[in-house]
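Novice: Listed here are the chains, written in short residue letters.
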Amino acid sequence: EAQVTQNPRYLITVTGKKLTVTCSQNMNHEYMSWYRQDPGLGLRQIYYSMNVEVTDKGDVPEGYKVSRKEKRNFPLILESPSPNQTSLYFCASSPGTSSYNEQFFGPGTRLTVL
Amino acid sequence: EDQVTQSPEALRLQEGESSSLNCSYTVSGLRGLFWYRQDPGKGPEFLFTLYSAGEEKEKERLKATLTKKESFLHITAPKPEDSATYLCAFGNRDDKIIFGKGTRLHILP
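Quick mapping for you: the protein sequence lines, in order, are chains D and X. Per our numbering, residue 1 is the first one in the first sequence, and the count goes up by one each step. Per our numbering, residue 115 is the first one in the second sequence, and the count goes up by one each step.
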């Protein structure tokens with residue numbers, strides 16, 4: 001089944017404790033992206049990657065890191081999480097190397113930072 | 115600055131009562147205009163992509179249209195299962211994706 005998977009689905013952590021949210025897709029897509037979704041603010045792009053080893057900042061990259069060492073995986077790293085990073089996070093992938101195409105979203109990761 | 119505004123924020127309709135959702139956008143170099151549906155607690159699900167003014171696409175009770183400044187999602191004779199949040203987004207020339215805040219649609223039986 002073609003899909004985007006994220007792990008963990010739920011995470012409660014404390015301020016300053018480094019964490020990684022994994023994202024993997026099995027559709028051989030080039031473009032991958034991370035979003036956060038907050039009430040009243042909608043979906044906002046954190047980072048995106050148009051190809052392996054190519055990443056770029058979205059609208060809200062502060063406090064996050066990403067890496068794209070292989071086509072299928074695009075982990076999101078929070079080096080020192082803070083309470084304002086409490087949010088619902090979505091990973092997405094898309095065919096092609098640009099923003100011309102539709103995205104396929106993962107099920108989401110709900111993160112709480114205490 | 116690239117931005118997208120969706121209206122209304124929320125809409126309640128009776129089953130069978132047709133209506134339209136609006137997406138107004140300002141973008142430097144439109145790659146594509148996208149519509150998604152999102153159910154509570156789930157990731158957005160793709161509905162349509164539109165690339166140029168005048169383009170229209172249909173799927174069941176939904177029809178999306180595009181002008182140079184707006185896109186509309188027309189819902190004809192909606193059913194309760196059409197209740198969801200509908201998101202509009204576009205890709206710009208930097209290959210970023212910008213989403214609107216969505217329209218929460220509730221169809222009453």
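Mixed in with the good hints there might be a few duds.
As the list claims (entries may be wrong) - Derived pair list, reagent style DSS-like, types lysine-lysine, alpha-carbon separation capped at 30 Å:
| # | chain 1 | residue 1 | chain 2 | residue 2 |
| --- | --- | --- | --- | --- |
| 1 | D | K65 | X | K210 |
| 2 | D | K18 | X | K182 |
| 3 | D | K57 | D | K17 |
If you are wondering where the hints come from, they were derived from the structure by calculation, not from laboratory data.
Novice: Now tell me, hint by hint, if it's right for this structure.
Specialist: We went through each hint and held it up to the structure:
1. For a cut-off of 30 Å, the pair hint linking D:K65 to X:K210 stands: about 17 Å separates their Cα positions.
2. Among the hinted pairs, D:K18 with X:K182 is inconsistent with the structure: their alpha-carbon atoms are about 44 Å apart, more than 30 Å.
3. For a cut-off of 30 Å, the pair hint linking D:K57 to D:K17 stands: about 23 Å separates their Cα positions.
In the structure shown, a violation is registered for the earlier hint numbered 2 alone.
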